[in-house]
Amino acid sequence: MKDKNSGMTLIVKTVTRWTVLLIMLYGFYITFFGHLGPGGGFAGGIIVVLSFIHIILAYGKDFVVKKINENIAGILETTGGLLFLTIAILGLFTGIFFKDFLGKGKVFSIFSAGIILPANIAIMIKVGFGMLSAFLCLILFSSQQEENKKKE
Amino acid sequence: MIVTFFIILPLFAAFVNAIFGRIFRLFSDIFINIINFILLILSFVILYQINTNQNNIFVYKIGGWEIPYGISLVVDFYSVFMLLIVNIITFFVGIYSISYMQKYTEKWGFYSLFELMLAGMNGVIISGDLFNIFVFLEVASIASYALVAFGTEKDELEAAFKYIVLGSISTSFILLAIILSYGYTSTLNLADISNVAKMSNNYIVKITLFLFLIGFGIKSAIVPLHWWLPDAHPSAPAPISAMLSGLLIKTLGIYLIVRFVFNIFLVDIKILNILSYLGIFSMIVGVILALYQWDYKRLLAYHSISQVGYIFLGIGLATPLGLLGGLFHLLNHSVFKSLLFLTSGALEYNFSTRNLKNYYYVSKTMPKTTFSAVIGSFSIAGIPPFNGFWSKLIILFACIQSKNIIFGLVVILVSVLTLASFLKVLKYGFYRENNYSEKENNLFLVKKNIKEVPFFMQFSMISLAILCIILGIIIYPEVKQILISKTVEIIYNGDLYRNLVIK
Numbered sequence: 010m011k012d013k014n015s016g017m018t019l020i021v022k023t024v025t026r027w028t029v030l031l032i033m034l035y036g037f038y039i040t041f042f043g044h045l046g047p048g049g050g051f052a053g054g055i056i057v058v059l060s061f062i063h064i065i066l067a068y069g070k071d072f073v074v075k076k077i078n079e080n081i082a083g084i085l086e087t088t089g090g091l092l093f094l095t096i097a098i099l100g101l102f103t104g105i106f107f108k109d110f111l112g113k114g115k116v117f118s119i120f121s122a123g124i125i126l127p128a129n130i131a132i133m134i135k136v137g138f139g140m141l142s143a144f145l146c147l148i149l150f151s152s153q154q155e156e157n158k159k160k161e
Numbered sequence: 005m006i007v008t009f010f011i012i013l014p015l016f017a018a019f020v021n022a023i024f025g026r027i028f029r030l031f032s033d034i035f036i037n038i039i040n041f042i043l044l045i046l047s048f049v050i051l052y053q054i055n056t057n058q059n060n061i062f063v064y065k066i067g068g069w070e071i072p073y074g075i076s077l078v079v080d081f082y083s084v085f086m087l088l089i090v091n092i093i094t095f096f097v098g099i100y101s102i103s104y105m106q107k108y109t110e111k112w113g114f115y116s117l118f119e120l121m122l123a124g125m126n127g128v129i130i131s132g133d134l135f136n137i138f139v140f141l142e143v144a145s146i147a148s149y150a151l152v153a154f155g156t157e158k159d160e161l162e163a164a165f166k167y168i169v170l171g172s173i174s175t176s177f178i179l180l181a182i183i184l185s186y187g188y189t190s191t192l193n194l195a196d197i198s199n200v201a202k203m204s205n206n207y208i209v210k211i212t213l214f215l216f217l218i219g220f221g222i223k224s225a226i227v228p229l230h231w232w233l234p235d236a237h238p239s240a241p242a243p244i245s246a247m248l249s250g251l252l253i254k255t256l257g258i259y260l261i262v263r264f265v266f267n268i269f270l271v272d273i274k275i276l277n278i279l280s281y282l283g284i285f286s287m288i289v290g291v292i293l294a295l296y297q298w299d300y301k302r303l304l305a306y307h308s309i310s311q312v313g314y315i316f317l318g319i320g321l322a323t324p325l326g327l328l329g330g331l332f333h334l335l336n337h338s339v340f341k342s343l344l345f346l347t348s349g350a351l352e353y354n355f356s357t358r359n360l361k362n363y364y365y366v367s368k369t370m371p372k373t374t375f376s377a378v379i380g381s382f383s384i385a386g387i388p389p390f391n392g393f394w395s396k397l398i399i400l401f402a403c404i405q406s407k408n409i410i411f412g413l414v415v416i417l418v419s420v421l422t423l424a425s426f427l428k429v430l431k432y433g434f435y436r437e438n439n440y441s442e443k444e445n446n447l448f449l450v451k452k453n454i455k456e457v458p459f460f461m462q463f464s465m466i467s468l469a470i471l472c473i474i475l476g477i478i479i480y481p482e483v484k485q486i487l488i489s490k491t492v493e494i495i496y497n498g499d500l501y502r503n504l505v506i507k
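Top line first, the protein sequences correspond to chains A and B. Quick note on this note's numbering: the first sequence kicks off at 10 and runs consecutively. Quick note on this note's numbering: the second sequence kicks off at 5 and runs consecutively.
One or more of the hints may lead you astray.
Among the chain A residues that face chain B by a calculated CB cut under 7 Å, a handful are [as the list claims (entries may be wrong)]: (1) I84; (2) T87; (3) G90; (4) L94.
The calculated EDC-like cross-link candidates involving lysine to aspartate or glutamate, where the alpha carbons are at most 20 Å apart (straight line), are [unchecked claim]: (5) A:K113 <-> B:E70; (6) B:K166 <-> B:D235; (7) B:K158 <-> B:E352; (8) A:K108 <-> B:E70; (9) A:K22 <-> A:D71; (10) B:K111 <-> A:E79; (11) B:K65 <-> A:D109.
A few chain B residues that don't get close to chain A, going by computed Cβ distances all over 12 Å [what the hints assert, rightly or not]: (12) S356; (13) S367; (14) K368; (15) I387.
Hints were generated in silico from the structure; no laboratory data involved. Just so you know, even glycine gets a beta-carbon here, dropped at the ideal spot from N, CA and C.
Work out the full structure: start from the sequences and follow the hints.
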């Protein structure tokens, strides 16, 4: 029997290779157009991280954990939180906490609606990597338990 | 301007510490304690500013949005009083954790969660907006769930799970109440809600208030809703027990109940007396359950329930003297209960057990810990020169003033029972010289190995003990005027808050 950690069959792997970038792109779209249509940082972050989870399921955990382990995911998540706070503090420099210092811009263009877009991006990083680190922790914990069982 | 830093600084510290703390070992110790020290100074600055301010209130509009529409931060005397308590205790607990948390791995994670909890508590205190209060309440609660489970032993995980379930029940009640109140008043600003709630006599307002009381009642552990506390508080690491028992049940529970009942829903005094009955009930049940505990931290946790009862009794009387006594006891309880939890941590640090029967030769080997534990015990039992005596005396006078002689008798009786259980702690935990279950040689070996705890732990315990002694000065008129009189005024004249916020 094949090892569980090496992923699924060739068919699944091929399909994943084609679809993963589309999923990720859709996530970015939801984030970057959050102030113009439905969506926003939270939904976008979840969709972006779904593409990562897709890779983990299709290719096995080792493929991803080699590149992003739970430590890096944690640091990136924290960076997202810090970024959001920085946007709020930048408003403080212009007078008021959370002040909109970018201006309204042209209606229905991407760079409009002031700090909503940068805030959405910060939320995407925070939520996405938060979910990813939670998922990685679950995987690592269960594989560790299996190793312990084998040793016994 | 300065108001926002009470949220910014702890959040900033939590995130920065989560990045750099895992790389450099000493970073989190130094950085977090510097941040806590800055917050301590800021809370004194804001006390000075609000006393010199003409209107005696700061209203900060986040993002420049006007008041019923945007989010606002409101700091009045009551908020400043709570901010002072929270930041003083947090500073000392932070210093204590430098040495105590050495035996745990991932100390930076502890500090990040610690600062998140602080940010949540500060946010709840200074927020003037209903949904913002809910968000900060969740931040503080979720950080505390993780901190209770920090040791990841079997008992700790079980206690944390219990705590999560009951905490979630309480927040669902609060969320339901927020939904109802938003649906009825179509505003989330506290002052604006009070505008609507005052005019109407509708049953929805009463249901909302009832749901809020259940939700915050679980957080503050008054007796019919207290089951989670005796498991959750002892299982956490000692600094966190001190934070949970000293601050969390007060900011998330009592502070919000008082704010909602007096300032927002402007409740009738007859209904308020229910609170004092609940307080009496808590006092008796808590102290009787505490009497036969042998686990030091569990005993302290039951005493938290009993002392919270005192605070509710004072507040429920709804006279100026009763409110003064209740708030003063809130301040005192957070000081001496954190002190006692820290001493329990010091004993656990050396003996690695919480059972009172297993401690011996403590007074000889750890004199400074014993000194602070004695002062803490006498304060909680209400022995005259210490702070606990004065607040209990004021509550007693308030009971007699409002012609509730039986309440007064219960106050004295519970105080005596508290003294009895703490004499047990001192006798068995600190001043016992022989251990009947062990052999003589064994005992000698143990005695040789035990030393006084490290400097940082001694520093915070002794500082809190000194605070216990000097807090009695609040009853002097000058100090009372600065610190607590205006707070009582704001709570007692319920309309004052709304009139100050919306001019």
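To see whether the hints hold, each was checked on the structure:
For I84 (chain A), the suggested interface contact is upheld, since its CB lies about 6 Å from the closest CB of chain B, less than 7 Å. This hint holds: T87 (chain A) has a C-beta 4 Å from the nearest C-beta of chain B, less than the 7 Å allowed. Checking G90 (chain A) against chain B: minimum C-beta separation of about 5 Å stays under 7 Å; hint holds. With a cut of 7 Å, the hint placing L94 (chain A) at the interface with chain B holds, because the nearest CB-to-CB distance is about 6 Å.
Taken as a hint, the K113 (chain A) and E70 (chain B) pair is honoured in the structure, with Cα atoms around 18 Å apart against an allowance of 20 Å. Restraint check for K166 (chain B) and D235 (chain B): the C-alpha separation of about 8 Å stays at or below 20 Å, so the hint holds. The straight-line distance between the Cα atoms of K158 (chain B) and E352 (chain B) is roughly 18 Å, inside the 20 Å bound, and the hint therefore holds. Annotation: proposed proximity of K108 (chain A) to E70 (chain B) holds, straight-line Cα distance about 13 Å (limit 20 Å).
Using a Cα cut-off of 20 Å, the hinted pair K22 (chain A) and D71 (chain A) holds, with the two alpha carbons roughly 15 Å apart. Restraint check: the Cα-Cα separation between K111 (chain B) and E79 (chain A) comes to about 17 Å, which is no more than 20 Å; the hinted pair holds. Note on K65 (chain B) and D109 (chain A): the hinted pairing holds, with a Cα-Cα distance of about 13 Å set against a maximum of 20 Å. Every C-beta of chain A lies more than 12 Å from that of S356 (chain B), the closest at about 26 Å, which supports listing it as non-interface.
Against chain A, the non-interface label of S367 (chain B) holds: every CB pair exceeds 12 Å, the least being about 45 Å. The non-interface label for K368 (chain B) is consistent with chain A: the shortest C-beta to C-beta separation is roughly 45 Å, beyond 12 Å. Remark: the non-interface label on I387 (chain B) is consistent with the geometry, its nearest Cβ contact in chain A lying 46 Å away (cut-off 12 Å).
Of the numbered hints stated above, none is contradicted by the structure.
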